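> In case you want the letters, here they are:
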Amino acid sequence: MTNLQPNRRRFLAGLGAVGTTALLSGCVTSTSTSTSSSKGAVTLQSNLSAPQAKAAMEDIAAAYAKKGSGKATLNTVAAETFRTQLPTYLTSANPPDVYTWYPGSVADAYAKKNLLLDLDGVWASSPDLKRYSKALNSLCTATSGKKVFVPTTYYWWGMFYRKSNFAKWGVSEPKTWDDFLDLCDKLKSKGVAPIGLGAGGNTAWVASAWFDYLDIRINGGQYHRELLAGRHRFDDPEVRKVFDRWQELLPYFDPNGTAIPFQDATTALLNGRTGMMLIGTFFADAAPKGALDDIDFFRFPVIDPKVPLAEEAPTDGYFASARTGRREQVADLLSYLATAEAQEIYIKGSSGTTLPCHPDAKDAGTALVKKGRKHVAEAAEITQFFNRDSSDALQPTADTALTKFMAKPKSVGGILTDWQREAQKIWQA
Amino acid sequence: MAVLTAPARKSPARSLPRGRRAGGPRRTPPLVLAFVLVPLLAEAVWVFWPALQGFYLALTSWDGVSPPSFVGLGNFREMAHDDVFLSATGHTVLWLVLFGGLSALLGLGAALLLQQERRGVGFYRAALFLPVVFSLVATALVWQAIYQPEGVLNQLLQSVGLGSLRHAWLADQDTALYAVIVPALWRQIGYVMVLYLAGLKGVDPALYEAAKMDGANIWQRFRHITVPQLRSVNAVVLSVIVIDSLRSFDVVWSLTRGGPYHSSELLSTYMYSTAFQSLRLGYGSALAVVIFVLAFGVIASYLVRAFREAD
Chain A
154 MTNLQPNRRR
164 FLAGLGAVGT
174 TALLSGCVTS
184 TSTSTSSSKG
194 AVTLQSNLSA
204 PQAKAAMEDI
214 AAAYAKKGSG
224 KATLNTVAAE
234 TFRTQLPTYL
244 TSANPPDVYT
254 WYPGSVADAY
264 AKKNLLLDLD
274 GVWASSPDLK
284 RYSKALNSLC
294 TATSGKKVFV
304 PTTYYWWGMF
314 YRKSNFAKWG
324 VSEPKTWDDF
334 LDLCDKLKSK
344 GVAPIGLGAG
354 GNTAWVASAW
364 FDYLDIRING
374 GQYHRELLAG
384 RHRFDDPEVR
394 KVFDRWQELL
404 PYFDPNGTAI
414 PFQDATTALL
424 NGRTGMMLIG
434 TFFADAAPKG
444 ALDDIDFFRF
454 PVIDPKVPLA
464 EEAPTDGYFA
474 SARTGRREQV
484 ADLLSYLATA
494 EAQEIYIKGS
504 SGTTLPCHPD
514 AKDAGTALVK
524 KGRKHVAEAA
534 EITQFFNRDS
544 SDALQPTADT
554 ALTKFMAKPK
564 SVGGILTDWQ
574 REAQKIWQA
Chain B
45 MAVLTAPARK
55 SPARSLPRGR
65 RAGGPRRTPP
75 LVLAFVLVPL
85 LAEAVWVFWP
95 ALQGFYLALT
105 SWDGVSPPSF
115 VGLGNFREMA
125 HDDVFLSATG
135 HTVLWLVLFG
145 GLSALLGLGA
155 ALLLQQERRG
165 VGFYRAALFL
175 PVVFSLVATA
185 LVWQAIYQPE
195 GVLNQLLQSV
205 GLGSLRHAWL
215 ADQDTALYAV
225 IVPALWRQIG
235 YVMVLYLAGL
245 KGVDPALYEA
255 AKMDGANIWQ
265 RFRHITVPQL
275 RSVNAVVLSV
285 IVIDSLRSFD
295 VVWSLTRGGP
305 YHSSELLSTY
315 MYSTAFQSLR
325 LGYGSALAVV
335 IFVLAFGVIA
345 SYLVRAFREA
355 D
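As given, the protein sequences belong to chains A and B, one line each in that order. Each residue of the first sequence is one higher than the one before, starting from 154 at the first, in my numbering. Each residue of the second sequence is one higher than the one before, starting from 45 at the first, in my numbering.
Honestly, the hints are just simulated from the structure, not real lab data. Note that this is a predicted model, so its numbers are computed, not measured. Warning: the hint list may mix true and false statements.
Across the chosen pairs, the derived CB separations fall in these ranges [what the hints assert, rightly or not]:
no.	chain 1	residue 1	chain 2	residue 2	range
1	A	Leu402	B	Val271	54 to 64 angstroms
2	A	Gln416	B	Ser131	22 to 32 angstroms
3	A	Ser278	B	Ile287	49 to 59 angstroms
Using 25 angstroms as the maximum straight-line C-alpha spacing, the simulated DMTMM-like pairs for lysine to aspartate or glutamate come out as follows [as the list claims (entries may be wrong)]:
no.	chain 1	residue 1	chain 2	residue 2
4	A	Lys207	A	Asp516
5	A	Lys328	A	Asp513
6	A	Lys265	B	Asp107
7	A	Lys501	A	Asp513
8	A	Lys515	A	Asp449
9	A	Lys207	A	Glu534
10	A	Lys563	B	Asp107
11	A	Lys561	B	Asp127
12	A	Lys578	B	Glu122
13	A	Lys515	A	Glu211
14	A	Lys561	B	Asp218
15	A	Lys343	B	Glu194
16	A	Lys299	B	Asp107
17	A	Lys524	A	Asp331
18	A	Lys563	B	Asp127
Beta carbons: idealized from backbone N, C-alpha and C, even for Gly.
Bound-form chain B, shown alone (with noise of 0.2 angstroms):
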């Protein structure tokens, strides 16, 4: 659009006889606008406004069928209450830290050894790259046929004579969690490590060279050349990894439904069972409504930080 608008805005054979002050305001083109506008109505009618539904829904009881019924704030004040609902919470921040902290460092250490070209990397890539691209259901279908008991797991530790650790991975409310972070993982990993793969080649390699003419090891390279260069890809993995840890809820559902007993739920997945199977829509909307809050508080507040420290 820019290369059809530009030449028109320098021809003054176009502009003058319609009357146009020279260097006034110009009226933004009607194509433009529509780009604009069709899209925005789009996104208000599916995404904003059931979204602020959402938000009205936070505030009543309603069982999906019947009119839903004012409350208040009484689902929030639930929540205060509610065992499931801290230990979900509790269950999230560890996700959070887990997931998040494992796949950042993982995705990253993946990029720093897959970023140089050499014979085969493209293999490696690749191959750490895949599961990105199956979907969390398929992903979580195979590793529950890994973890089950008589699955390849269990087979593997009787084979190395550690039979005494065989177990019911994902029916055990001790290790359900870690088992379900696991395949999560190894999703995520490929995906920050494109991410980081990008922010690597965005580094100019002079910096090394004078670096290294100035004696920096390998570790001062990466402390004092890599990380501060990296520093806005930080900021999107980070609000990608937040994102994605708070709605992480396929890979947890398929493989326990966020049990046993409520050992493995997540925020979302408690949102889910709440509105959808308990039919408790009111309270569901409101686990989402803190779910939003979270997501966007812990992002907002990075970012804020992020552009402080830019300043």
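So here's chain A without its partners, still in its complex pose (with noise of 0.2 angstroms):
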């Protein structure tokens, strides 16, 4: 017992040194972090999860490091994650600092809310950044008419197929509704499933790529963009329109598509299983590099000759955190990543199959990459995808109207009227 005691008080003494000693640390820890929050490396929060991608994203922050100006540290995550998690990331107290995503109603409905950092002076001091495009400035300009986003690299979106099974097949690039239509029979005749799709899994979204180029194609990029702001409903007539011409494309989809990620998708098209797949060039990050040369792709095919020609083109780059406590790094770092230098070293590093949007910077210069320009440069107005010109909250509302559509295209009335009310839901909130 009265070796107890004394054991029992130096437990409690050493309990309130530990106690002590971790509150002490928790506060040299605060305050080197909020040291570290004004200097140190920037974070940079990306969701370029696929390995070619992540490596070369990987290769722009070593060459950033070597530059001597800053430094970033690259935390990759998963898509699906880094979407569901970024209003959470924007609004912590101690947010990564730039995050890869995208221009446009995105990013802004994130301004309006004054969680992007405003990035005016990043485009008033960079010579690159005074050299872009038009268009391109007006894409990452806010509501507000504050610069919030810095465009690095853009993609197209097309049917995508393999060059030496189409020759084995004998078949060609179609240039009307027809021909694409006359394709699939004969892809269908030989056994092949016509269109692979890869909405299963993580990745329904794919789908929306369907319901987004049959819209542009019926009834234009205009329509299309207004829809998906709240101003015309899923349930009117234009977008019955749409289903009814996609229901004439159903029997030719691979009955596998909406059970697999697109991913696995590109595996069967790759492998000859399915003859085309409407894709963007991402799809290429997840391909092996040898099978690359043997891609490539036609335009989705004119549906009324009247509507405009309209392209899917999502431009891809960085926007930060209003409440980073690193400004100035943020600013040198985004410079950086508005260089002809850094957009060509991802090039290099990932698949290829971006463009950059330095007018100076090189593309991969393959010919696939060629056409890919020239299909951007020939459309009327350019719509980035679903979610971009919408939000990532409707997102999950296509996602179910368009897989249940494919499983019961009979009932699309009802699937309309549902979606349209999911989607109230969403606008309203």
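Mind docking these for me? Both chains are given alone in their own frames, and the hints should help you get the complex.
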């Protein structure tokens, strides 16, 4: 007993000491955090998690560190987790500084809530950004008139296929809608699922590309953007026309299309189990490098020649948190990311299927990329993608409506009514 | 602590000089108080306060970014007309019955089979318990590979001549929910088995001996000795099952995300997608309140009944 008492006191003293140390270390940590949040490396939160894209981002961070003006700590997060967590990142007290994300309405929604860093200074001081096109200027400007985004690359969506497979099957690129239906028939007669999809697993959003393209081909880019902004209803007759046309195509879709993610659908395309796939060039980041030379694409067929030709060509880049404690370092990093050098590093390290935003930056120079550049340049209008032209919150409503339509095309009326009701809740939130 | 304080209580030499009345209430030692109050404080800050905030948020409309606006019971009124909520509730009840019922039955069955010490029984117990060790997300990834259109299950069906049953198990609204229950069950059975094994160890073997002497057969011994003796374990198992059913999330989210088109949606996945994907955090909080009330209601009503029976 006599021995226990001092032990207990010693224990208490020890506990106190540990507690005090913990508290002190907490203070030290918090002090060091607050200093590091105004100095130290800039945290760069990236959603580019495909192996090639991730490696390219690491190359950029290394090249930036080598330059000597600052450092960036790359933190790669799976794309879907990133999308879900983004509002939490931006509203937290000590957020990551810079983020890979999208310009346009998605960035504007955050800018309206004062969560994005004002980048007017970066745009004014960077000799590179001064040379960016007018279209990119307006895409990166929020409703308030302030610049909130630095664009770095863009890519295009199209009907991708494998050249050797098309040659083997004796088919060629279609020019018109009827040619396209003929192509589907021919492929089906050869026992190939004509159209791959990849809207299963975590990538149900891929189905939105079909909605976007059919809508911009039938109702035009202007109507499409207005619809996604809530100025038209999803149960309008115009939208119904989109689904009527889609119904014609449903027999040609891969029956596994809504069961597998786009990465598996890419494998099916490369292995010749499916004939073609409406997808963005990012799919190549998940494809073996050796297969890239064999990949080609054609424009989504025109349905109504009177409708101005629009293409989906989403721009990627970076915005920064308004709550960052490292404004100067963030500005320095963003200015670097806007240079031709940084964009070329990314293109070289990744699959090389994106196009740089900097007018002087060289693209990968492949035949595919040249065709892609021409494809975008010929478009009368550019759209981004469903969630980029509407909002991340609206995307799940589209995922539900479109996968349900593909399984139960006859219930389209009810599906569109439900979609409108769900979308209404998002717009009113 | 009891060992440390008990002798002190008996020692008049220590207590009398401090002027305490003999036999009067003793002051709680500060260390004991600290051991109670410090965790309570941590619990209050990290658990109770956020939970209370959740109740408040259920009465608001909030996008997670702008300040929440008070809407009273609006979220709950909306729920009454929300088809997805109603179907998710139905799926949750089905989940509770199938996942809960089967894991209890199969867990008890496994425990009865493996309770006796025989050679190699430890291996079987470990094998059944093994899935509990894996995270549910890892479990889901394995099962995702099994359920793929070109996955193990479909290939197996093909190889045994049942190719017509090949199926996109997770992408079909008729099979998605049941396909998701299987991996959840696979994991839960081992856990429930361990609870029942512990319960069975506590049953006095003399009861079985006596019953045998009286000529009771296996079924009678099970019906009149095992089942009544496991009553206290049943309460634990039921609580665990109800709580696990209502918070089942990871396996569903990893495999189907509640889809296709809400056909495997549970209240938990609907709460998550509403709150963090559609950014309707007020409505999401209201769903969380409903889940809490259901879990609390089911468990409390069972416990009250169990205590009444015990009295």
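> Taking the earlier hints as the rules, which of them does this structure contradict?
5, 9, 10
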